[in-house]
Amino acid sequence: MSEQPPAKDHRVLTAPNRPPPRQFGGGPFGGGGMTEKPMNFGPSARRLVGRLRPERAKLLAVLGLGVTSVALMVVGPRIIGRATDILFSGAIGRQLPPHLTNAQVVAAARAAGHANVADMLARMHVVPGQGIDFGALATVLLVALALYVASSIFSWAQGYLLNDVVQRTVYQLRAEVEGKLNRLPLPFFDKQARGEILSRVTNDIDNVAQSLQQTISQLLFSALTVVGVLLMMFLVSPLLALVALVTVPVSMVVATQVAKRSQKQFVAQWKNTGALNAHIEEAFTGHDLVTVFGRRREVEQVFRERNQKLFEASFGAQFISGLIMPAMMFIGNLNYVAIAVIGGLRVANGSMTLGDVQAFIQYSRQFTQPLTQVASMANLLQSGVASAERVFELLDTPEESADPVDPSLPAEWHGRVEFEHISFRYQLEQPLIEDLSLVAEPGQTIAIVGPTGAGKTTLVNLIMRFYELDAGRITLDGVDIAAMRREDLRSHIGMVLQDTWLFGGTIRANIAYGKPDATEEEIHAAAEATFVDRFVHSLPDGYDTVIEEDGSSISAGEMQLLTIARAFLIDPSLLILDEATSSVDTRTEVLLQRAMAALRSDRTSFVIAHRLSTIRDADLILVMEAGRIVEQGNHEQLLAARGAYHRLYAAQFRGAVDELATESSALATAIAGRP
Amino acid sequence: MLIRLLRNYLRPYTTLLLAVTALQLVSSMANLYLPSLNADIIDQGIAKGDTGYILATGGWMLLVTLVQIACAIAAVYFGARAAMSFGRDVRSAIFHQVGTFSAREVSHFGAPSLITRNTNDVQQVQMLVVMTCTMLIAAPIMCVGGIIMALRQDVGLSWLMVVSIPALVVAIGLIISRMVPLFRAMQTRIDLVNRVLREQLSGIRVVRAFVRERDETQRFAKANRELTGTALSAGRLMVLIFPTVMLILNASSLAVLWFGAGRVDSGQMQIGALTAFLMYLMLILTSVMMATFMAIMIPRAAVCAERIAEVLDTQSSVTPPANPVNEVHAQGELEFRAVEFRYPGAAAPVLRDISFRSSAGRTTAIIGSTGAGKTTLISLVTRLFDATSGSVMVDGVDVRELDPDLLWRRIGLVPQKPYLFTGTVASNLRYGNPEATDEELWQALEVAQARDFVEAMPGGLEGPIAQGGTNVSGGQRQRLAIARALVRKPEIFLFDDSFSALDLATDARLRAALRPHVKNATVVIVGQRVSTIQDADQIIVLEDGEIVDLGTHQELLETCSTYLEIVQSQLAAEAAA
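In order, the protein sequence lines correspond to chains V and D. Mapping the first sequence onto the working numbering, position 418 (from 1) lands on 418, and the numbers just tick up by one. Each number in the working numbering comes from the position in the second sequence (counting from 1) with 675 added on.
These are calculated hints, taken from the structure and not from any lab test. Every residue gets a Cβ at the ideal spot worked out from N, C-alpha and C, and that includes glycine. Hints may contain errors.
Straight line, CA to CA, 30 Å or less: simulated DSSO-like cross-link-like pairs of lysine-lysine [unchecked claim]: (1) K271/V - K1092/D; (2) K191/V - K180/V; (3) K58/V - K1092/D; (4) K260/V - K271/V; (5) K309/V - K260/V; (6) K191/V - K260/V; (7) K515/V - K897/D; (8) K180/V - K515/V; (9) K180/V - K58/V; (10) K191/V - K271/V; (11) K1194/D - K1164/D; (12) K897/D - K180/V; (13) K309/V - K271/V; (14) K191/V - K1164/D; (15) K1092/D - K1194/D.
Label pairs and their calculated CB-CB ranges [said to hold, decoys possible]: (16) R46/V - R889/D: 28 to 38 Å; (17) E305/V - A1021/D: 38 to 48 Å; (18) S538/V - P687/D: 54 to 64 Å; (19) Q257/V - V742/D: 20 to 30 Å; (20) P1139/D - A598/V: 37 to 47 Å; (21) R900/D - R261/V: 38 to 48 Å; (22) R682/D - A57/V: 29 to 39 Å; (23) Q498/V - P1139/D: 40 to 50 Å; (24) S538/V - A1021/D: 41 to 51 Å; (25) K1092/D - R261/V: 16 to 26 Å; (26) L52/V - R889/D: 40 to 50 Å; (27) A57/V - R679/D: 51 to 61 Å.
Please put together the full structure from these sequences, using the hints given.
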């Protein structure tokens, strides 16, 4: 019907050092975990760090390389300071008369009343009359170059290793979560929204990866730099170092104050984003309704209000968080001014060399930046730990009971099923199935009928051991299903669900889903018996046609046929069928009926039935209402009882069947005459 | 596209942007002035031992710093304001545009894509504007200003900039250009991992029923390995950036010292000037680095801008009439006259030569296989699509001539997918008729066989409904959607396969209760179950967009083989046996 969408969603390209776009749920327009605070920051953070333990050796190497790299880098300005001193000495010395010694020049200066200049000169290695010592300068600069090159190499090696560590840890985490999903009991999935679980295994893990990568490397680098630079500053000039040190608490206070305020604004921004997003989603998804019910104006009005609120919140967030840069720059500049002035005064009175001041200015520049980084890292860290917490929560969910150590198996599979006084409830206070007993003999068809929510699906799920009984037992050919391994039990049961789940793969792979080692002949045989073969032949790629995720490549009825073929192939001793209520076209409907019949022949089958033909043919009909089996028997018996089944039957098939029955024989011939 | 979008939607904020530019200019100049003042301290103060000069210049530096922060803060304020206003306006424009779309345009883009375009895509472009206002604008100013200031200090060393700036750009550019394809690949791999997981979650029963947990784990492991592999490669490139940039920056400063030394020695340059030159070079290189990083946001924002422009440039295929008919007399009469509908460029029409009439109190049923065009037919009445030839008349007036509000007021639609909105049961029921009383709501619920479960819901009428109605079952959703249409009290009811999720008994009860309720309205029912439609006054059998036959249940049983086939498949399996 519809044409190709003009463009797929492009979500590519990530700026370095910035988190990549999140899949969904996150990002600016998902209101994801960005601002959620972890419940137990300490324990969760420790646990996250604990996950890095297998990589201990590499982490130590990372630390070693980091320290070396920062140390080398931190020494740099000091050496450049030396170079400045050589330059300065040369520049001054060149102007002095060459025949004097340094001491004479100092004395002369003092005599001339220039005490300051004298002090300064006294501290310098000025050789009067001699210009810049290029030999010494070259040595100093080459040493500095070597240091810088080495520092860069170490820094690169450190990043390289850390990248490996983080990626491997995240890989493990992802694999573990996926493994966990396979061991969680099904009720867990019923209770949790699918999107919510999915978001934990995708968004949250991505977020953990981001935070690990960024916080570890930047925290390490920043912390080391702060320490290293501080050390060097004290070495160069304790007084100036103290001046620079004052900026630490000031920057911290400013950063945390700004962060605290912007955090509040960001929370408001996410909240408003979520509200606007929800509104847009509803308006677009229900576009037809909005139009036909004449609600465009109201919808647009709500949009405008929420859009304006979002604007105000995001403006606030952007403005306040945008203050951090200028604020830090301001503190840096203040520091710069203080050092320039104090340093200048001290050089002038000779207690410091110009090179030292020069070095100091560079140090102070290197000092404020990592401080800001550490401060801003707090947010990222918090969001990462909050995500980790959600992942851990999933990992901590109780698993299915383990399979029995000593599993039993029926000697032979006939498909005799017996329910012995079983009870089951989803919630403690609400009994769903109470003291239910029944026997299905091999080859029988059991039809389960009743209104929506009567517990029909629950009943068949109990046979699959998707849920565990609260009391009683179910036996399959005399063996308690709880005494079998789930795998053994399930591999003998074929299941066709109403929800036609197919995975993104070829038709062949989907048919062979329950039996990956099936031969081509087996697959074709199953496909032919269930009328899949016919439509597959009309597809250009035949069995190699790839089923799209949204199932757009084949019709709904064909998907149902495929699920029947899938069950057919494993040749189960017991069948569970959930007849689809959704409508398919007439011809497919006929095929579906026939395919189901082919599948059912000679097998014990439990059918959640919606079609009269299925129900009438059943050996046993279970009529369920509000979680109880209110009637059981075959069609005739139940009709004669004039109870719930009779009501159901009358409501649905009233008229149509009578009419058909009273139709002329011509009609009967017409029907019979059709293939 | 990006430029056009920016030009159009930033125009109202030109003043703000000019202010940002001016403020960033002052702020950058202040930043640039500081090293120059520092140079003065060295050359004029220290070298001459003039303490007073040092203090005075220090005070001057302080003042410059204050000016700088004031300008910077103001720039952030105006910049954020302009960027966020831009985002707000673009969002608003898209939303409005989509509001005018017909079902055709919506399905052309797909609702999820439209949502992304209205939210994430705008966010991306908005982010670019923010970054531009706060950093990108400052970078060239810093760069040019730095170069000027550096030249003022010493022209002789300027060739160093000619070497180091391109070196930096080339180095970063090389690394990033290699990273881009990797990031792209990473995105598809993340998608794959998510897809495998999504499949596992949605098909968890099938996975377990067919004992495929191990294979699924392997499938996931493969996707996970691939993703990790790509992430590793991308990460390894990423960690190259920082050391490379640092090396270039540091090596440049060493070069300044070495070559500067020669010029100082020959007296062409003063020490202070050299120090200042060093500072300027660092400032320039840092801003070049920033600009390079920012620049890689542009391609991404450009893609988003294109997607936004695509929506904004799309005109609805259904336009309101220029001179709408505002009054009609007859009640609920519906007629199709030789209607054809085809998608533009499509070879075969979806519907052709559809003609039938229905009047108040009569029920028309439409049956046919999937893809026969049933839903399209219904959408022609509501003008979610417009017929490509022929005409659809409501009360004797072509729907395209009618005032849309008037048209829609007469229609109660129950769509195939019974979508409910966030809110309460009551707010959903009142969706088409805000004035309805509680009593009317209960009445509608009763007819729709929804009274029992609404009463049982916590809060009753005020019981919450989650987005899309996901907190009630499919059958309940369908019944609420029917009740919603009933509350509207329209003259034309359109039921698009609206009973499919109901079990047989409920379906029967609902139809029985509905009958007296709609006796003064025209009813069109699209259905699959014969039992649902057999009582209709006329049944249209639709196949491949054409009316195969039209008549009552009895007539069709006798004359229409397609209909007979349908009946046979649903009811007569046992009768024939």
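Cross-check of the supplied hints:
| no. | hint | in the structure |
| --- | --- | --- |
| 1 | K271/V - K1092/D | 29 Å, holds |
| 2 | K191/V - K180/V | 17 Å, holds |
| 3 | K58/V - K1092/D | 55 Å, violated |
| 4 | K260/V - K271/V | 17 Å, holds |
| 5 | K309/V - K260/V | 21 Å, holds |
| 6 | K191/V - K260/V | 36 Å, violated |
| 7 | K515/V - K897/D | 20 Å, holds |
| 8 | K180/V - K515/V | 23 Å, holds |
| 9 | K180/V - K58/V | 27 Å, holds |
| 10 | K191/V - K271/V | 25 Å, holds |
| 11 | K1194/D - K1164/D | 12 Å, holds |
| 12 | K897/D - K180/V | 17 Å, holds |
| 13 | K309/V - K271/V | 10 Å, holds |
| 14 | K191/V - K1164/D | 38 Å, violated |
| 15 | K1092/D - K1194/D | 25 Å, holds |
| 16 | R46/V - R889/D: 28 to 38 Å | 33 Å, holds |
| 17 | E305/V - A1021/D: 38 to 48 Å | 40 Å, holds |
| 18 | S538/V - P687/D: 54 to 64 Å | 57 Å, holds |
| 19 | Q257/V - V742/D: 20 to 30 Å | 23 Å, holds |
| 20 | P1139/D - A598/V: 37 to 47 Å | 46 Å, holds |
| 21 | R900/D - R261/V: 38 to 48 Å | 44 Å, holds |
| 22 | R682/D - A57/V: 29 to 39 Å | 56 Å, violated |
| 23 | Q498/V - P1139/D: 40 to 50 Å | 27 Å, violated |
| 24 | S538/V - A1021/D: 41 to 51 Å | 21 Å, violated |
| 25 | K1092/D - R261/V: 16 to 26 Å | 44 Å, violated |
| 26 | L52/V - R889/D: 40 to 50 Å | 28 Å, violated |
| 27 | A57/V - R679/D: 51 to 61 Å | 55 Å, holds |
Hint violations for this structure: numbers 3, 6, 14, 22, 23, 24, 25, 26, all remaining hints satisfied.
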